[in-house]
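S.K.: Per the working numbering, the sequence shown starts with residue 353, numbered consecutively.
Just so you know, these hints were derived from the structure itself, not from any lab.
Be aware that one or more of the hints could be misleading.
In the DSS-like style, the derived pairs of lysine-lysine whose C-alpha atoms are separated by at most 30 angstroms in a straight line are [as the list claims (entries may be wrong)]: (1) Lys-360 - Lys-386; (2) Lys-508 - Lys-360; (3) Lys-507 - Lys-360.
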Amino acid sequence: MPELPDFKSSIAVLVSSCDRFFDAWRPFHAFLQKFWSDCPLEIFLITNELEVRSPRLRSLAIGPDRGWSSNLLVALDQITHPYLLYLQEDYFLTAPVNRAQLAQDFAEAIEAGAASLCFRARSEPDAGFQPLNDRFGVVPLNSDGRTRCQVTLWKKSALQEILRPGETAWNFEARGSARTQVMQILSYRRRENTPIPYLMSAISRGFWMPEAIALCHAHRVTIDPLFRPIYSPRSWRRHLRRWLSQRPSIQKNGVIDLS
Numbered sequence: 353m354p355e356l357p358d359f360k361s362s363i364a365v366l367v368s369s370c371d372r373f374f375d376a377w378r379p380f381h382a383f384l385q386k387f388w389s390d391c392p393l394e395i396f397l398i399t400n401e402l403e404v405r406s407p408r409l410r411s412l413a414i415g416p417d418r419g420w421s422s423n424l425l426v427a428l429d430q431i432t433h434p435y436l437l438y439l440q441e442d443y444f445l446t447a448p449v450n451r452a453q454l455a456q457d458f459a460e461a462i463e464a465g466a467a468s469l470c471f472r473a474r475s476e477p478d479a480g481f482q483p484l485n486d487r488f489g490v491v492p493l494n495s496d497g498r499t500r501c502q503v504t505l506w507k508k509s510a511l512q513e514i515l516r517p518g519e520t521a522w523n524f525e526a527r528g529s530a531r532t533q534v535m536q537i538l539s540y541r542r543r544e545n546t547p548i549p550y551l552m553s554a555i556s557r558g559f560w561m562p563e564a565i566a567l568c569h570a571h572r573v574t575i576d577p578l579f580r581p582i583y584s585p586r587s588w589r590r591h592l593r594r595w596l597s598q599r600p601s602i603q604k605n606g607v608i609d610l611s
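Hey, can you work out the whole structure from these sequences and the hints?
M.R.: Structural data, given as structure tokens:
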């Protein structure tokens, strides 16, 4: 049976981020320590000018923020691993990672020659989805969900081929599927059996989401600094909170200590 240490030289964890979201790095790191402290894979965090001090995360300082896809392309050139496990800084783990299942998934996806394996199923399965086992299968060619910015194992060369400079993550999800027609794209069939349970998008449109705040409180994880407003369904409150929260959000040329 494969084990995660078997993939140390072939798979790296890449956390997509930029300095504007440095306030998510501490809680991200805290949940990583809590639920995957024994991760044997090298973990890279994309940053701009800030440095990260951590025994677990290695910052890839790529210079000025060029936008999501351009930042990612620069970072990929600095990684020598042929595969990467894509995460984002506001994807907070919510339960222990299933190491055995994850290692088996890695082995089967790589053996199948897949370009990617998304570990978060869609809310509704695509018509024509072809199961490969009891966990995941092949996403049909006509699906608009072949490129999703969820936790995903990517073949680095495949991701580099379909990324376009200047695109946002939303652009990539909307337009990228058409670029994968010659690739085998895999996805989980159901959400409840993923080996990597996580809260998707702790931050949305610049706001902390209430469920992220509740998760942090439940696990006594501190968000520091807490300068970003918390989302409210009342639009006037959102605008007021955004106005009240206007302040410098980046510690220029600073070091974020996560140790």
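S.K.: With reference to the structure, classify each hint as holding or not holding.
M.R.: Hint check results:
no.: 1; hint: Lys-360 - Lys-386; verdict: holds, 21 angstroms
no.: 2; hint: Lys-508 - Lys-360; verdict: holds, 15 angstroms
no.: 3; hint: Lys-507 - Lys-360; verdict: holds, 15 angstroms
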